[in-house]
Amino acid sequence: MNVHECVIDGVTVLEVEGRIDSLTAPDFEAQLVATLSTAQRLVLDLRQLLYISSAGFRVLYRAVTQAKQKDGKLVLCGLSSTVSELFAIAGFNRLFTITASREEGVTAVAS
Amino acid sequence: MSSIETTIKNSIAEIARVVALVEELASVQQLPPSSIWPLNVALDEVLSNIISYGHEDGAEHEICVRVSVEHGLVVAEVEDDGKAFDPLAAPTPEIDVPLEERSVGGLGIHIVRNLMDEVTYSRIAGRNRLTLKRALAKDEGERA
Chain R
1 MNVHECVIDG VTVLEVEGRI DSLTAPDFEA QLVATLSTAQ RLVLDLRQLL YISSAGFRVL
61 YRAVTQAKQK DGKLVLCGLS STVSELFAIA GFNRLFTITA SREEGVTAVA S
Chain D
112 MSSIETTIKN SIAEIARVVA LVEELASVQQ LPPSSIWPLN VALDEVLSNI ISYGHEDGAE
172 HEICVRVSVE HGLVVAEVED DGKAFDPLAA PTPEIDVPLE ERSVGGLGIH IVRNLMDEVT
232 YSRIAGRNRL TLKRALAKDE GERA
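In the order they appear, the protein sequences are chains R and D.
Counting in my numbering, the first sequence runs from 1 upward without gaps.
Counting in my numbering, the second sequence runs from 112 upward without gaps.
Extracted from the complex, chain D is given alone in its bound form (with noise of 0.2 Å):
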């Protein structure tokens, strides 16, 4: 198993599904915890985003997270229906400003440009899918 494919429901509970297989992709793949927990931080930050801001129906939607390990790389995908949102072109939190005078969601994003190489948004077909990328240490996964 290099990759993990599952569909959530827009609600935070549905987070925890996504924290389990994650960890379990880490114990097949024999990752340890600091490639580990990057990424589960990461997409509580874009999961929660999603299902908090992304809807305004109040109806059910469905969130698609993929998570693989390639090439020296834990690649994250999450692609959602919701109203087109581009968290990369959200403004940099001022980090010395106090939390209650930040733009809402602008932590959550700043910690997960902090934690991730390589952030990545598109709008494809009413779907916005963000890639997150984070380069394995030499010595982890994939080994022969």
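Bound conformation, chain R alone (with noise of 0.2 Å):
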């Protein structure tokens, strides 16, 4: 798994590329911790994102947590079909708000 930061007009964006799963949670973890530390509105670009296990998703769990004790704002953009099933079998669709494009994804974070 690999995170890249980048950001457009003001918004912060973490692309993550590869598999979510318990190997790779504790980075991915560490990595979106970091960055919302600093970045309170944030997009999560997950097109390159393979699959992402329960391991994953305790993990997006606590950072949308920690980010509306905040104030701040997580949206999610670019969800495969594999990784859109994936959230829909754990019910984390309802959790975030997610945009197909990573233009829709910084236009909603922003708003």
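Hints listed in this document are in silico derivations from the structure and should not be mistaken for laboratory results.
We put the beta carbon where it would ideally sit given N, CA and C, even for glycine.
Be aware that a few hints might be false.
As the list claims (entries may be wrong) - If the Cβ cut is set under 8 Å, some of the chain D residues that face chain R in the computed set are:
id	residue
1	Ile123
2	Ala124
3	Trp148
4	Glu156
5	Ser159
6	Ile222
7	Ile235
Stated by the list, open to error - Distance windows between CB atoms, simulated:
id	chain 1	residue 1	chain 2	residue 2	range
8	D	Val139	R	His4	30 to 40 Å
9	D	Leu132	R	Ala88	23 to 33 Å
10	R	Ala110	D	Ser113	44 to 54 Å
11	D	Ala236	R	Asp27	20 to 30 Å
To be verified - Sample of chain D residues with no beta-carbon within 12 Å of chain R, all distances over it, derived:
id	residue
12	Ser113
13	Ser114
14	Leu136
15	Gln140
16	Asn151
17	Asp155
18	Leu158
19	His172
20	Gly183
21	Asp228
22	Thr231
Starting from two chains that each stand alone, build the complex the way the hints lay out.
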């Protein structure tokens, strides 16, 4: 798993590439927590995410809780059909604002 | 090669070896990603559960993993010598309930049950054996 950070129109975007599973979830969490400590509004671009297991969902849950406590916002974009299916199974599609494109994600997180 | 078998130690890092072997099998069998990611996710759930909660002695243990492709099915068998644990007996999590209020391991097995067509558990000679089955789509695998 790799995470790349970029800033678009003042909004921090994290691109996640590869797998978020029990092996990579701790690294993913460390990078997410570090980013959320400075950026209150964050877009997670999941276009290059192959799959996510429950270890990753736990990280996302903690991250969205942390963001809400700081009056921040976390928006997800670019979910593949595989990742969408996993989000639906886990019931996590209802926990997040999810947009198709990164541009929509940046707009949604800024609003 | 229509099957793989490996033995891993009870350490999370060892799961990477299983993922790599499953992908090698998928490549040889020319299976599409749609047949492989559900298996990798399910194995991650099952193996991480055994590694995290299966043993209380802090000692090194072995977990045996077999994956085969046959008769239009992908079949994975996981065997461990941890305490008796039937994940199928775990209650189905309320996915409307906040994650922190769900039972430990509940979400993982919920995902496994949804991704696999059949999950069976047996306790044989002091060992847990979990078998996962998922049908290949009609045009996948074992092509003549």
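Hints violated by the structure (numbers, ascending): Those not satisfied are hints 7, 11, 16, 17 and 18.
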